[in-house]
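Just need the whole structure built from these sequences, with the hints factored in.
Those protein sequences? They're chains A and B, same order as listed. Quick note on our numbering: the first sequence kicks off at 7 and runs consecutively. Quick note on our numbering: the second sequence kicks off at 7 and runs consecutively.
Since the hints were made in silico from the structure, they are not lab data. Beta carbons: idealized from backbone N, C-alpha and C, even for Gly. Treat the hints with care, as some may be off.
If you want the ones that stay clear, here's a sample from chain A, every Cβ over 10 angstroms from chain B, calculated [said to hold, decoys possible]: (1) T127; (2) Q239; (3) E398; (4) P405.
Just some of the chain B residues that point at chain A, by a computed CB distance under 10 angstroms [claimed, not checked]: (5) K82; (6) T127; (7) R135; (8) F221; (9) S222; (10) M223; (11) T225; (12) M252; (13) R255; (14) D453.
Here are the computed distance ranges between Cβ atoms for each label pair [unchecked claim]: (15) G260(A) to T409(B): 49 to 55 angstroms; (16) E116(B) to D456(A): 51 to 57 angstroms; (17) P140(B) to T478(A): 52 to 58 angstroms; (18) N111(B) to T189(A): 33 to 39 angstroms; (19) S151(B) to H361(A): 36 to 42 angstroms; (20) D166(B) to K336(A): 53 to 59 angstroms; (21) R259(B) to S277(A): 47 to 53 angstroms.
Protein chains: 2
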Amino acid sequence: MKKSFLLLILPALTSCALVKGDTGNNEIRDDECNLPSELSNEIRSYEGIANKIINSLIYGKYKGGTYKELAKFVDKFGARVSGTENLENAIDYVQDLMKTHGLENIHGEEVTVPHWVRYKTLQMMLQPRRTNLPVLGLGGSISTSDEGLEAEAIVVNTFDQLKSDNVSKLVKGKIVVFNEDWTSYGGSVQYRSHGGTEAAKLGAVAALIRSVTPFSMRTLHTGWQDYEDNVTQIPTASITKEDAQMLQRYQDRGQKIVIKLNLNYMRYNDSISRNSVGEIIGSSVPQKVVLVSGHIDSWDVGVGAMDDGGGAFISWYALAVLNGLGLRAKRTLRTVLWTAEEEGLIGWSAYNESHFNELENFTFVMESDEGTFTPLGIEYAAGIKGGCIIQEIVKLLAPINATQAVYGSSVGSDISPWTSSLIPGASLLNANERYFWFHHSMADTMDVLDPDNLDKATAVWAVVSYIIADLTEEFPRERDESTKNTKAKLVFYPRRT
Amino acid sequence: MKKSFLLLILPALTSCALVKGDTGNNEIRDDECNLPSELSNEIRSYEGIANKIINSLIYGKYKGGTYKELAKFVDKFGARVSGTENLENAIDYVQDLMKTHGLENIHGEEVTVPHWVRYKTLQMMLQPRRTNLPVLGLGGSISTSDEGLEAEAIVVNTFDQLKSDNVSKLVKGKIVVFNEDWTSYGGSVQYRSHGGTEAAKLGAVAALIRSVTPFSMRTLHTGWQDYEDNVTQIPTASITKEDAQMLQRYQDRGQKIVIKLNLNYMRYNDSISRNSVGEIIGSSVPQKVVLVSGHIDSWDVGVGAMDDGGGAFISWYALAVLNGLGLRAKRTLRTVLWTAEEEGLIGWSAYNESHFNELENFTFVMESDEGTFTPLGIEYAAGIKGGCIIQEIVKLLAPINATQAVYGSSVGSDISPWTSSLIPGASLLNANERYFWFHHSMADTMDVLDPDNLDKATAVWAVVSYIIADLTEEFPRERDESTKNTKAKLVFYPRRT
Numbered sequence: 007m008k009k010s011f012l013l014l015i016l017p018a019l020t021s022c023a024l025v026k027g028d029t030g031n032n033e034i035r036d037d038e039c040n041l042p043s044e045l046s047n048e049i050r051s052y053e054g055i056a057n058k059i060i061n062s063l064i065y066g067k068y069k070g071g072t073y074k075e076l077a078k079f080v081d082k083f084g085a086r087v088s089g090t091e092n093l094e095n096a097i098d099y100v101q102d103l104m105k106t107h108g109l110e111n112i113h114g115e116e117v118t119v120p121h122w123v124r125y126k127t128l129q130m131m132l133q134p135r136r137t138n139l140p141v142l143g144l145g146g147s148i149s150t151s152d153e154g155l156e157a158e159a160i161v162v163n164t165f166d167q168l169k170s171d172n173v174s175k176l177v178k179g180k181i182v183v184f185n186e187d188w189t190s191y192g193g194s195v196q197y198r199s200h201g202g203t204e205a206a207k208l209g210a211v212a213a214l215i216r217s218v219t220p221f222s223m224r225t226l227h228t229g230w231q232d233y234e235d236n237v238t239q240i241p242t243a244s245i246t247k248e249d250a251q252m253l254q255r256y257q258d259r260g261q262k263i264v265i266k267l268n269l270n271y272m273r274y275n276d277s278i279s280r281n282s283v284g285e286i287i288g289s290s291v292p293q294k295v296v297l298v299s300g301h302i303d304s305w306d307v308g309v310g311a312m313d314d315g316g317g318a319f320i321s322w323y324a325l326a327v328l329n330g331l332g333l334r335a336k337r338t339l340r341t342v343l344w345t346a347e348e349e350g351l352i353g354w355s356a357y358n359e360s361h362f363n364e365l366e367n368f369t370f371v372m373e374s375d376e377g378t379f380t381p382l383g384i385e386y387a388a389g390i391k392g393g394c395i396i397q398e399i400v401k402l403l404a405p406i407n408a409t410q411a412v413y414g415s416s417v418g419s420d421i422s423p424w425t426s427s428l429i430p431g432a433s434l435l436n437a438n439e440r441y442f443w444f445h446h447s448m449a450d451t452m453d454v455l456d457p458d459n460l461d462k463a464t465a466v467w468a469v470v471s472y473i474i475a476d477l478t479e480e481f482p483r484e485r486d487e488s489t490k491n492t493k494a495k496l497v498f499y500p501r502r503t
Numbered sequence: 007m008k009k010s011f012l013l014l015i016l017p018a019l020t021s022c023a024l025v026k027g028d029t030g031n032n033e034i035r036d037d038e039c040n041l042p043s044e045l046s047n048e049i050r051s052y053e054g055i056a057n058k059i060i061n062s063l064i065y066g067k068y069k070g071g072t073y074k075e076l077a078k079f080v081d082k083f084g085a086r087v088s089g090t091e092n093l094e095n096a097i098d099y100v101q102d103l104m105k106t107h108g109l110e111n112i113h114g115e116e117v118t119v120p121h122w123v124r125y126k127t128l129q130m131m132l133q134p135r136r137t138n139l140p141v142l143g144l145g146g147s148i149s150t151s152d153e154g155l156e157a158e159a160i161v162v163n164t165f166d167q168l169k170s171d172n173v174s175k176l177v178k179g180k181i182v183v184f185n186e187d188w189t190s191y192g193g194s195v196q197y198r199s200h201g202g203t204e205a206a207k208l209g210a211v212a213a214l215i216r217s218v219t220p221f222s223m224r225t226l227h228t229g230w231q232d233y234e235d236n237v238t239q240i241p242t243a244s245i246t247k248e249d250a251q252m253l254q255r256y257q258d259r260g261q262k263i264v265i266k267l268n269l270n271y272m273r274y275n276d277s278i279s280r281n282s283v284g285e286i287i288g289s290s291v292p293q294k295v296v297l298v299s300g301h302i303d304s305w306d307v308g309v310g311a312m313d314d315g316g317g318a319f320i321s322w323y324a325l326a327v328l329n330g331l332g333l334r335a336k337r338t339l340r341t342v343l344w345t346a347e348e349e350g351l352i353g354w355s356a357y358n359e360s361h362f363n364e365l366e367n368f369t370f371v372m373e374s375d376e377g378t379f380t381p382l383g384i385e386y387a388a389g390i391k392g393g394c395i396i397q398e399i400v401k402l403l404a405p406i407n408a409t410q411a412v413y414g415s416s417v418g419s420d421i422s423p424w425t426s427s428l429i430p431g432a433s434l435l436n437a438n439e440r441y442f443w444f445h446h447s448m449a450d451t452m453d454v455l456d457p458d459n460l461d462k463a464t465a466v467w468a469v470v471s472y473i474i475a476d477l478t479e480e481f482p483r484e485r486d487e488s489t490k491n492t493k494a495k496l497v498f499y500p501r502r503t
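Here it is in structure tokens:
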């Protein structure tokens with residue numbers, strides 16, 4: 007997932023991914039729920055269907071299916087980067103999979119996407135010790151000149167420190183190394199997103215940003231970075247936590263640091279990609295939509311098995327399972343596999359624009375882009391009544407111990423502009439404490455994932471989406487008091503340029 | 007540390023590093039101890055000295071000193087590989103440090119060591135998907151030819167599977183990929199040590215061995231590998247756990263795997279290195295020695311901060327602290343920083359040969375080469391009485407919660423041939439569950455270590471070595487019943503060729 011875009015357009019959303027343990031007091035107390043008994047009873051009446059779905063995934067014909075299909079997919083395509091032919095082939099492949107599994111109305115919807123490519127990079131620390139200093143370019147970065155650049159480095163921990171009187175005057179002509187502490191993803195990612203620009207404002211020639219992660223095995227993490235209008239663009243790259251700390255120690259000892267960088271990237275013309283759509287058309291109110299999603303694109307390091315292969319595959323596979331079990335809900339279940347999420351929710355943004363008039367028919371939107379580790383339940387953005395409905399539904403997930411329902415002010419990544427404004431929605435609550443260990447790194451592989459957990463995640467996804475799509479009563483749009491001030495406005499988010 | 011050498015010469019030692027949690031029932035029950043009261047009382051009388059040592063490290067002038075010196079050292083020299091000038095410069099530097107801190111009889115003892123260098127390697131999976139496939143040559147491996155080699159790969163999980171009728175006939179002309187499960191270091195490292203040779207016996211052209219680790223972030227781990235006389239030598243390298251698993255999946259699906267390897271290494275002529283020695287000469291029985299050690303050399307990836315910078319630095323620094331506090335024991339305290347441990351205990355082997363006649367005077371030998379994470383106490387190789395003495399001594403480490411005394415049949419890495427035969431000895435018991443995450447990888451950096459833990463480890467080392475060197479009674483050599491059969495023989499281990 008890519009969150010810095012949201013930081014730009016939605017400053018309120020800095021909470022970012024809900025990592026288990028952050029939940030605090032976001033669970034509704036039982037005495038706050040007062041659902042009409044016919045509604046509670048109706049939800050409970052789905053127990054048989056929920057068990058059928060769960061059993062088919064945990065013991066039956068779909069056991070291991072999500073992992074197996076995802077492994078075949080990532081083993082075949084590897085990384086799937088916006089703008090590449092490989093991503094488009096992967097999109098064709100997954101649409102074929104939807105076809106094989108009997109989904110309806112399968113199609114792609116075109117999106118103009120960026121195309122940024124990393125070529126060979128060379129980097130070396132020259133002083134105080136001559137050694138290779140692994141770096142990894144940040145998405146969208148410009149290259150150095152062909153000869154590369156060689157400059158003294160200065161290490162800072164925070165933007166405030168960078169801008170302080172005694173540091174800011176030393177920056178000109180130097181490489182700024184941001185050795186920011188990990189606080190949370192939302193807190194630390196600002197250095198990746200804006201470090202280059204802030205350093206350039208003071209005359210820096212390049213910026214190296216400590217990889218945004220709570221744990222490192224000398225691991226490099228990439229991610230999109232943003233330039234600012236009217237500020238000189240300088241090359242940016244991440245370095246490992248360990249090397250940032252080493253540079254910090256050199257500086258603290260008064261040792262001069264000299265680094266040589268030769269970074270080669272290319273930003274090609276934008277090209278055309280596609281969001282992929284498949285449906286189980288609703289039996290009685292087909293115009294009403296429950297949207298189930300993840301993003302199909304990935305970063306170029308690793309193979310995007312976790313971010314967001316897992317989320318994308320539990321999404322379309324949930325529909326495949328429902329279809330295979332002959333379950334057609336009253337409303338339409340629509341899976342959307344977003345493209346070019348990593349460059350700033352580009353696929354979602356185009357979809358939001360072209361489907362803007364349909365949004366009032368979106369009953370519920372779901373996205374899994376924060377891991378598919380052991381599923382714990384659902385993180386939802388909805389009012390009290392909606393929360394109580396979710397709480398009632400997740401009780402049916404007791405056989406797989408995924409009965410938690412936790413409120414989040416904004417859920418999902420692509421869908422977060424919707425869920426933070428008006429459309430109720432959900433993300434997969436899972437034991438994702440290690441999510442950012444692997445995020446945007448070469449360690450994002452199938453080994454992060456577990457077949458049983460993926461089965462359970464698909465079960466959560468299928469049960470929750472099906473019941474919401476099939477309930478007699480439309481899922482309530484209203485938010486609770488604390489978020490009431492945002493509820494009236496269906497915000498239109500302009501496409502990113 | 008390097009253990010495969012031991013597997014060759016001492017098959018009984020496959021237990022290898024004691025990782026916390028393996029201890030089982032290796033603690034002596036209180037009712038098994040029956041130390042003479044004067045001995046117990048004498049040990050207890052060291053409480054004031056123990057507290058003085060501990061306080062100087064936890065609150066006083068030596069607080070943070072071990073970490074600070076080690077960080078300066080690894081930041082200055084980086085990796086310290088057998089045969090390189092850099093290692094020799096590092097050895098000079100650490101001998102100067104000993105001098106600065108007032109140790110006595112400081113000198114180097116020459117050792118002939120191997121010199122194997124890794125040059126640029128290229129590797130690529132060509133089928134079923136064209137992608138980079140990171141590999142890391144194993145120490146001592148030969149190169150491919152200049153043009154490299156391109157061959158089909160076959161994946162096996164065990165030696166038994168390799169040698170089975172239906173697999174062995176398929177090996178000829180192929181690259182054998184060992185995708186062995188992690189069991190323990192001792193269990194899995196055999197594939198790194200002997201995989202190339204076993205594959206070559208069946209006509210393989212190269213061997214890729216899954217990195218020996220319980221946890222991977224797509225991390226490559228190197229280590230020494232052994233060729234066998236009269237078996238064709240083939241190039242060997244490690245691959246990541248994740249990629250081994252991917253190759254396994256391809257094979258399980260019946261997909262053909264083709265890999266291109268161009269591995270460039272050079273085995274130069276042996277050169278001269280040195281074990282580094284420093285002492286606090288004993289006040290009344292200087293000929294008796296308590297040896298406190300770690301190894302100064304490292305692998306070429308990472309900077310050898312954990313393996314074994316930590317062990318080496320707590321060893322000489324323990325003596326520096328004792329000397330700084332004016333503590334001179336009755337017996338001589340001798341720190342030895344071994345060279346070329348990673349290539350097969352080369353430094354120890356030479357030392358063992360040249361000091362063979364002095365070994366009878368070795369009261370106790372200590373080595374820390376299994377991590378300097380949170381210290382828990384002491385792992386010792388000694389008989390019941392020796393164990394009871396250790397148990398009494400570690401009670402004095404209560405202020406730093408390092409009061410465990412655990413029996414191991416062989417402790418240390420370099421010193422293990424001694425401790426597994428007759429000479430009693432000890433290793434640092436520490437919370438090293440993650441040791442093999444970093445071992446022999448680029449992730450072995452200062453970030454693995456913690457200043458407070460190093461202070462505590464130095465305190466354990468200083469207190470235990472000082473008391474054993476100062477006790478009126480000589481530390482008993484006899485082993486308990488279970489190991490009695492090994493006790494009579496002071497084995498001479500021939501130098502490795």
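Going down the list of hints, with the structure as the test:
{"no.": "1", "hint": "T127", "result": "14 angstroms, holds"}
{"no.": "2", "hint": "Q239", "result": "29 angstroms, holds"}
{"no.": "3", "hint": "E398", "result": "39 angstroms, holds"}
{"no.": "4", "hint": "P405", "result": "29 angstroms, holds"}
{"no.": "5", "hint": "K82", "result": "7 angstroms, holds"}
{"no.": "6", "hint": "T127", "result": "14 angstroms, violated"}
{"no.": "7", "hint": "R135", "result": "6 angstroms, holds"}
{"no.": "8", "hint": "F221", "result": "9 angstroms, holds"}
{"no.": "9", "hint": "S222", "result": "7 angstroms, holds"}
{"no.": "10", "hint": "M223", "result": "4 angstroms, holds"}
{"no.": "11", "hint": "T225", "result": "5 angstroms, holds"}
{"no.": "12", "hint": "M252", "result": "6 angstroms, holds"}
{"no.": "13", "hint": "R255", "result": "6 angstroms, holds"}
{"no.": "14", "hint": "D453", "result": "5 angstroms, holds"}
{"no.": "15", "hint": "G260(A) to T409(B): 49 to 55 angstroms", "result": "41 angstroms, violated"}
{"no.": "16", "hint": "E116(B) to D456(A): 51 to 57 angstroms", "result": "53 angstroms, holds"}
{"no.": "17", "hint": "P140(B) to T478(A): 52 to 58 angstroms", "result": "55 angstroms, holds"}
{"no.": "18", "hint": "N111(B) to T189(A): 33 to 39 angstroms", "result": "50 angstroms, violated"}
{"no.": "19", "hint": "S151(B) to H361(A): 36 to 42 angstroms", "result": "59 angstroms, violated"}
{"no.": "20", "hint": "D166(B) to K336(A): 53 to 59 angstroms", "result": "57 angstroms, holds"}
{"no.": "21", "hint": "R259(B) to S277(A): 47 to 53 angstroms", "result": "31 angstroms, violated"}
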